[in-house]
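**Student:** First to last, the sequence lines map onto chains X and D. 119 is the number that this note's numbering gives to position 119 of the first sequence; each next residue is one higher, with no gaps. 3 is the number that this note's numbering gives to position 3 of the second sequence; each next residue is one higher, with no gaps.
Accuracy of the hints is not assured; some may be wrong.
To be verified - Lysine-lysine pairs mimicking DSSO-like chemistry, simulated, CA-CA at most 30 Å apart: (1) D:Lys123 <-> X:Lys178; (2) X:Lys204 <-> D:Lys138; (3) D:Lys97 <-> X:Lys178; (4) X:Lys195 <-> D:Lys63; (5) D:Lys152 <-> X:Lys204; (6) D:Lys138 <-> X:Lys195; (7) X:Lys195 <-> D:Lys97.
What the hints assert, rightly or not - Quick partial rundown of chain D residues pointing at chain X, CB under 8 Å, derived from the structure: (8) Glu129; (9) Trp211; (10) His214; (11) Lys215.
No wet-lab data here; the hints were simulated from the structure. Each residue gets a CB set at the ideal place from its N, CA and C atoms; glycine is no exception.
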Amino acid sequence: MSLQNILNNWDKYRKGHEAGGHHVYEHMWSMVIDLNKCIGCGACSVACYAENNLAVVGKDRFEKGQAMHWLRIERYWDEPNLKPTASDEFQQHGASFLPMMCQQCNAATCEPVCPVAATYHTPDGLNAQVYNRCIGSRYCSNNCPYRLRYFNFYSFYETSWPEPLNLQLNPDLSVRDKGVMEKCTFCVQRIRTAKDTARREGRKVRDGDVQTACQQSCPTTAIVFGDMLDPESRVTKLWKAHEVELGKTAQHKQHPEKRGYRIFEGLNTDPCVMYLERVREV
Amino acid sequence: MPVNRCTWTSRSLLDAFRGSIVTQIARVGKVLVTGIFVASTVIGANAAVADVPNANPPKGTHKGEDVPQPIEFPHDIHAKINEINCMYCHTYARRSKVAGIPPTSKCMGCHSVIATDRDRIKKLTEYWEKKEPPPWKKVHDMPDYVHFTHEKHLQRFVFNNEGMDVTRVSEVCAFCHGDVKEMTVAKKTKPLNMGFCRRCHEANNGPSDCWHCHK
Numbered sequence: 001m002s003l004q005n006i007l008n009n010w011d012k013y014r015k016g017h018e019a020g021g022h023h024v025y026e027h028m029w030s031m032v033i034d035l036n037k038c039i040g041c042g043a044c045s046v047a048c049y050a051e052n053n054l055a056v057v058g059k060d061r062f063e064k065g066q067a068m069h070w071l072r073i074e075r076y077w078d079e080p081n082l083k084p085t086a087s088d089e090f091q092q093h094g095a096s097f098l099p100m101m102c103q104q105c106n107a108a109t110c111e112p113v114c115p116v117a118a119t120y121h122t123p124d125g126l127n128a129q130v131y132n133r134c135i136g137s138r139y140c141s142n143n144c145p146y147r148l149r150y151f152n153f154y155s156f157y158e159t160s161w162p163e164p165l166n167l168q169l170n171p172d173l174s175v176r177d178k179g180v181m182e183k184c185t186f187c188v189q190r191i192r193t194a195k196d197t198a199r200r201e202g203r204k205v206r207d208g209d210v211q212t213a214c215q216q217s218c219p220t221t222a223i224v225f226g227d228m229l230d231p232e233s234r235v236t237k238l239w240k241a242h243e244v245e246l247g248k249t250a251q252h253k254q255h256p257e258k259r260g261y262r263i264f265e266g267l268n269t270d271p272c273v274m275y276l277e278r279v280r281e282v
Numbered sequence: 001m002p003v004n005r006c007t008w009t010s011r012s013l014l015d016a017f018r019g020s021i022v023t024q025i026a027r028v029g030k031v032l033v034t035g036i037f038v039a040s041t042v043i044g045a046n047a048a049v050a051d052v053p054n055a056n057p058p059k060g061t062h063k064g065e066d067v068p069q070p071i072e073f074p075h076d077i078h079a080k081i082n083e084i085n086c087m088y089c090h091t092y093a094r095r096s097k098v099a100g101i102p103p104t105s106k107c108m109g110c111h112s113v114i115a116t117d118r119d120r121i122k123k124l125t126e127y128w129e130k131k132e133p134p135p136w137k138k139v140h141d142m143p144d145y146v147h148f149t150h151e152k153h154l155q156r157f158v159f160n161n162e163g164m165d166v167t168r169v170s171e172v173c174a175f176c177h178g179d180v181k182e183m184t185v186a187k188k189t190k191p192l193n194m195g196f197c198r199r200c201h202e203a204n205n206g207p208s209d210c211w212h213c214h215k
C-alpha cells in the first residue's frame, strides 16, 4: 500500500539523503549557473519552449499565473543605490537576473505528496514527472518551494500550435494535455539519446555528451551541465571549487568568498542546481 | 537507515500492473469464448514465437481492426513463401527507434522485374512513375507518451541473444507484432498496453524505471 508506506516512513523520508541516499545512483545530473555571466537575454527560456513543446499561453493567462515556462528568468532590482527616478516605472540600471528551472531536488518536497506516484526520483538523480500517470491534483505544485511546476489549465494542444507550427513539435517528448502537471526535466530526452548512443558505442557517457537546450543556447555560457558522479566532469569540479556539497542543509566554507550557493537549501530540499553569486563592481 | 524512496512507487506500479493483467486475462477469456476462429489465431500467433534462451514473449492478444492500405500488401507471400527477412525491408529496425516502411525504390528493386503483371504491382508501378510514395497507414501506433526503440529490443533479443540466429528474426518480431507471416495486410494482434510490456520486462529483467519508457 503506497499510502501506508508514506505514512510509516514519513519522518525518514526527507532525511534519507543524509543517511546515504535513496538510490544507488547511476548518474547525478547537475547544473551550475554563473549569475555573473547571465545577461538576462532569455535565450534559454526560448530554447526551452522550442525543445520541450511548451505552450504559449498568451498575455491574459500569463497575468493569471498560468504561463508554462519551465525556465523563467527572474528579475531583481537589488541595487538600492540606483533608485529609479519618479518618471521611470523601473530603474534604468542595476537589474540582476536569475534563471530559475526545476532544481531536481534529491529530497524533493513534491514527490511524497503525489497521491498517484506520478512524480518520483529516477536512478539518474532526476525528479521525474510521468505525464500519463498524473491526475492533476496539483499537490506537488503547492508543495514546491521554488514554484517551478506548471499546470495545464487548458488544452493547449489545439490552440497553441496552429498549422504549420505543429510540425515543429519535438517528437521525443509528449505534448501534454489539460489537467497534467509538468516541469523542467533537465532535457531528459537528450540524456536518453546520449545514453543510448554511448551504449551503442560501448562506452560510458562522457562529460559534454548531454547538453541541455538552455545550456546550448546561452550566449555567455553561463550554464554548465553534467554528471556529478563523474569526477572529471566540469560540474563536479565547479562544485568542488566553490565548496558546495550535495546532501547538506548549510554549507560550511573554508573560503566564504567563494560564490557558489544553492537556493533554499536550508529547507532540506537538496537541490542539484548550484548558482554562482553575482558580484558587482562598486 | 536509508529509506528506499522507490518502494511505494514500484509497489503501486505493481498493483496497477496486476490490475492490467486481470483485465487482460478477462479479455483473453472473452475472446476465446467468442469464437473458434479467434482462438485458432491465438494459437497460430503463439506458434511463431521463438524458443530462445531468455526470450519470454509477453502474453495477451488483441483483435485489431483492419487497417485498409493503399495497396493490399501480402506479408505472407514475402515473409512466408519467399522467406524474406523482416529486416530486409524494415531495415531501420536494427538501428533506430522506428522500424520504418521501405522506400518505393526498394519495392521496385524487385518488382521492376518480378510479378509485374499482377494488379497490385501495377498499382505500385503507377505510384513509382508518379514519383509519389504509397500513403501507407500505421498499424502499430504507440501513444505519444511512450518511448519505444526497436533498436534496443533487437539488440537484446536478436544480436546479443545467444542461440538466436538473425535469419529467425521474425520470431522475435512476433512477440509484439503477431505472426505477420500468416497475414496479408498487417493487423494488430497484441494489445501493446503497459501490462503487456511489463510482462516481458519483468521476465527478462528489463528496466522498470518509469522514465525509461514514458516521456
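**Student:** If a hint holds in the structure, say so; if it doesn't, say that too.
**Tutor:** Hints, one by one, checked against the model:
1. D:Lys123 <-> X:Lys178: Not OK: Lys123 of chain D and Lys178 of chain X at ~44 Å, beyond 30 Å, violated.
2. X:Lys204 <-> D:Lys138: violated (35 Å)
3. D:Lys97 <-> X:Lys178: holds (28 Å)
4. X:Lys195 <-> D:Lys63: Roughly 36 Å between the alpha carbons, so the hint for Lys195 of chain X and Lys63 of chain D is violated.
5. D:Lys152 <-> X:Lys204: Holds. Lys152 of chain D to Lys204 of chain X sits at ~17 Å (cutoff 30 Å).
6. D:Lys138 <-> X:Lys195: Given that 30 Å is the threshold and the Cα spacing comes to 28 Å, the pair holds.
7. X:Lys195 <-> D:Lys97: holds (14 Å)
8. Glu129: This hint is violated: Glu129 of chain D lies away from chain X, its Cβ roughly 29 Å from the closest one there, beyond 8 Å.
9. Trp211: holds (5 Å)
10. His214: holds (5 Å)
11. Lys215: holds (5 Å)
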